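*Asks:* These protein sequence lines map, in sequence, to chains P and S. Heads up: the first sequence is residues 1 to 397, going by UniProt numbering. Heads up: the second sequence is residues 1 to 397, going by UniProt numbering.
Worth flagging that the hints you see were computed from the coordinates, not collected in a lab. A few of these clues could be false.
A pair counts as met if it fits within one copy or between any two copies, since identical chains are not told apart.
[Said to hold, decoys possible] Below, in silico cross-link-like pairs of lysine-lysine (BS3-like), each with a Cα-Cα straight-line distance of 30 Å or less:
id: 1; residue 1: K7; residue 2: K97
id: 2; residue 1: K32; residue 2: K97
id: 3; residue 1: K7; residue 2: K232
id: 4; residue 1: K201; residue 2: K336
id: 5; residue 1: K158; residue 2: K201
id: 6; residue 1: K52; residue 2: K336
id: 7; residue 1: K203; residue 2: K336
id: 8; residue 1: K192; residue 2: K52
id: 9; residue 1: K7; residue 2: K158
id: 10; residue 1: K232; residue 2: K52
id: 11; residue 1: K32; residue 2: K203
id: 12; residue 1: K7; residue 2: K264
id: 13; residue 1: K203; residue 2: K52
id: 14; residue 1: K32; residue 2: K232
From a predicted model like this one, the values you see are computed outputs, not experimental measurements.
Listed below, chain by chain, are the residues.
2 protein chains.
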Amino acid sequence: MIAENMKQMVANSSAIRAMFEEGNRLAGIYGKENVYDFSLGNPNVPAPEAVKAAAFSVLEEEEPTVLHGYTTNSGYPEVRERIACHLNAQFGTAFTKENIIMTVGAAGGLNVILKSLLNPGEEVLTFAPYFAEYRAYVNNYGGILTEVSPDTETFQPKLEEFEAKLSPRTKAVLINTPNNPTGVVYSESVIKRLAEILERKQKEFSTTIYLISDEPYRELVYGGTQVPYLTKYYANTIVGYSYSKSLSLPGERIGYLVIPDEVKDSRELIMAAAVATRILGFVNAPTLQQKIVARCVEERTDISYYERNRNTLYDGLTKLGFSCVKPEGAFYLFVKSPVPDEKVFCETAKQYRILMVPGSAFGCGGYVRLAYCVSYETICNALPQFEKLAKEYLTAV
Amino acid sequence: MIAENMKQMVANSSAIRAMFEEGNRLAGIYGKENVYDFSLGNPNVPAPEAVKAAAFSVLEEEEPTVLHGYTTNSGYPEVRERIACHLNAQFGTAFTKENIIMTVGAAGGLNVILKSLLNPGEEVLTFAPYFAEYRAYVNNYGGILTEVSPDTETFQPKLEEFEAKLSPRTKAVLINTPNNPTGVVYSESVIKRLAEILERKQKEFSTTIYLISDEPYRELVYGGTQVPYLTKYYANTIVGYSYSKSLSLPGERIGYLVIPDEVKDSRELIMAAAVATRILGFVNAPTLQQKIVARCVEERTDISYYERNRNTLYDGLTKLGFSCVKPEGAFYLFVKSPVPDEKVFCETAKQYRILMVPGSAFGCGGYVRLAYCVSYETICNALPQFEKLAKEYLTAV
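This is chain P alone, in the form it adopts within the complex:
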């Protein structure tokens, strides 16, 4: 009796659940510490101490009916003002609280903006590999997700194919940098060319094409890598942000959308996003967390921990002969499978108690994603297992 369009998704979900249960099964047999689970993007670095301190202060200081009460659908004005000021100081932008809409994480924000924008049959373009849920988010509102194929040399966007795939039906382009699953940061020159193409195509088609930038990993970058702030490169840019990774609060569901004044029909779109927040059932972003993040805009999680993990895992795997672009951000390695069907590779890896996600889940078969937001010990102990796995594959190849 469930909805037809949910049946396939429930079947896929069973596959994910099966993997999860396989992890539990292995942990039951060998002990949790002997299972090398790289399948989940759940931060293992705790939230900064300042988050806890902010929670205590807010609970002590704020009047409960205000602290836990409904806010406007867009969130507390003072929280949005604080975030706008912080962005302006960082990026030289000129946002006000009107440009900020607090959301139930980045996933909530993406649903809100897609609901606000999409008419049935309109297209959203994205670059493979991409976060697996994008397709479902777009389909929720009758939209069609079109992929630009991956450049497996660099995992930067393929701009010629992109230009060719833009059409009068393209309502939005959805990008994610630093990227899940590759960890790649799109370079400024790529962003400039992307913006130039979009400007040109908007004129050619006499349409508006929104660029939606999904940025949960903005602060997770290594070695001083700069992540261009996209509203400065292309006027019709909307930013979706989340504190899930920067403050290690993924379960709390707190983030925001930025809809700049420069965006076409900005005022109407801001109102639509507020309405969408309400009618999709979010109503408002969780209020205590709104107040907490406003007090922690300068804080971030300990990135050096992820950086050490990245270095150790990347060095270890490449020494063993595995091939992978060194990520500049996020907490993922996207490793080339030694056999074309990476699902086979994932299955074999399980025999060594290593859990990874097949790249086909991200629109890029032949690769596997390893989330290195795990303990350093897990990485050190996993490497000898990867060595056995490498022997099985890489000597034979």
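Given the coordinates of chain P, assemble chain S onto it according to the supplied hints.
*Replies:* Then chain S, alone, in the frame of chain P:
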């Protein structure tokens, strides 16, 4: 450039915003304490002290990467287990954690279950007057909301009309008791007849008709009124619950769905609801709040406060000649407008600095909703203003 189906909703939203701004304008001129704003269902009784204590304990005791980390889409198993046990103790049910899905409030839960159930064109029946957002929730998934007209004598469901409107396309029936906007609690005899009709029609059509019970006001009842627990009367019942009112936490967005084993295709539906939670962008209910409510299942807000408000406002208005069913629950009075077009009445009331919501927003013109979740002083000070309003209308009628 916004989505076509959002344009009307943005226009309606502007009307609500205009009312909100009118309130602010009046407060600016006359002072906030001299504006009698009965328009918002935002609890004014603070969360119980136990909520704050639970928040402190949880923050002190729980490991941050677990406390703030992703949970399964359905929520922490131990939280769901605690809620299942609490329901079983209260209602003699036999739920396990598998039957409980934590949601982003009741609004989030309703969206999740409608996404899980509805195919485009399928119908959802509801009884007028009803919460204004139901239509949008159903439309989000291509469904059609069909109203059963109000029985303005009792505001109990009109069951003959209901039976006549059930059809092979009816996928679900959505009810809300204690009711927003009337405060009426559907009686046990009505529930039994409703269940009997549904059983009969399921057989006649060879379909499954789900009964979705939206219960944010379950605990807000006066004078020992009993609210039947619907899973005991009809097998295909799904309950949507929220802590927004029972613990005065509306901004925190925390509630749950109950999908009992007895429900047709229960296992598939539970999985679909978990998937819907993910792909609609909720991902999981806010984690800190999950932990807090699990420690507060026995707690509730101070209902005596609302009860005094109810009595004073009801007695005051009826003495002035206004007509209204005495509510047994929730924190609303649904008052008959002295003129057929209640919007005119609302406009006149503004001249006396009284803000109310027209009943047509709830599918029941000719009435106005007063939310009495305000300070007692507001009610006492508003009554002389209502007296002036009554003189203008009731003597002339």
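*Asks:* Which hints, by number, does the structure contradict?
*Replies:* 4, 6, 7, 8, 9, 10, 11, 13 and 14
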